[in-house]
Amino acid sequence: DAMVIQNPRYQVTQFGKPVTLSCSQTLNHNVMYWYQQKSSQAPKLLFHYYDKDFNNEADTPDNFQSRRPNTSFCFLDIRSPGLGDAAMYLCATSRYTSGRANSQETQYFGPGTRLLVL
Amino acid sequence: GQQLNQSPQSMFIQEGEDVSMNCTSSSIFNTWLWYKQDPGEGPVLLIALYKAGELTSNGRLTAQFGTTRKDSFLNISASIPSDVGIYFCAGLGGNQFYFGTGTSLTVIP
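Protein sequence lines correspond, in order, to chains A and B. Under this note's numbering, think of the first position of the first sequence as 982, with each following residue one higher. Under this note's numbering, think of the first position of the second sequence as 216, with each following residue one higher.
Treat the hints with care, as some may be off.
Unchecked claim - Quick list of in silico lysine-lysine cross-link-like pairs, PhoX-like style, CA-CA up to 20 angstroms:
1) A/Lys-1019 x B/Lys-251
2) B/Lys-285 x B/Lys-266
3) A/Lys-1025 x B/Lys-251
Calculated directly from the structure, the hints in this document are not laboratory data. Remember, predicted model here, so these are calculated numbers, not experimental data.
Throw the hints in and build the complete structure from the sequences for me.
This is the structure we're talking about:
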């Protein structure tokens, strides 16, 4: 089945120690997103890739970076995690077709990675 | 930025009862989506709506795309314990995607 996969499901890191979360997809979608979700809140978009073009949200801290080496994979790097970065991190994908009334289509989410910062 | 307001914020219901929740926006959308998120998991797409006035069902779930294109409704009939979770609406317009604030559903057996 086509899907969005996130590894690991749970990640524990130490304060200030860099951590990388990974996402892969078999949907062949051209857009991949990273969201941060804290308890009882809606997911908050950090950034997205349209093909290889990186699009950062204005309020995403510099501490968060991303890489997309190919269509299938996307990584979230947290350079110096703070206690406030403990959250669920969600990867999503969609297909973007320019020139249509709805250029962006439905987003499909992975199961998430729960990050704990000690 | 754009905010989609969902109501109610939370619901506590008895098993077997029907559930209604809605999502409203100040802007119009071309597509409305409803997701369910179980604890510790990612949101799962339940229903997608593409046309104003459209009514779509998925099992015990029924969702409607409001005729003004600024709102959407989700109904769950004969609730069961596994319906527990947070329900998010989302609106798509052009190249923008916005989440609602979420409705937390608790079903009491």
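Taking the hints in turn, this is what the structure says about them:
no.: 1; hint: A/Lys-1019 x B/Lys-251; result: holds (16 angstroms)
no.: 2; hint: B/Lys-285 x B/Lys-266; result: holds (12 angstroms)
no.: 3; hint: A/Lys-1025 x B/Lys-251; result: holds (16 angstroms)
No hint from the list above goes unmet by this structure.
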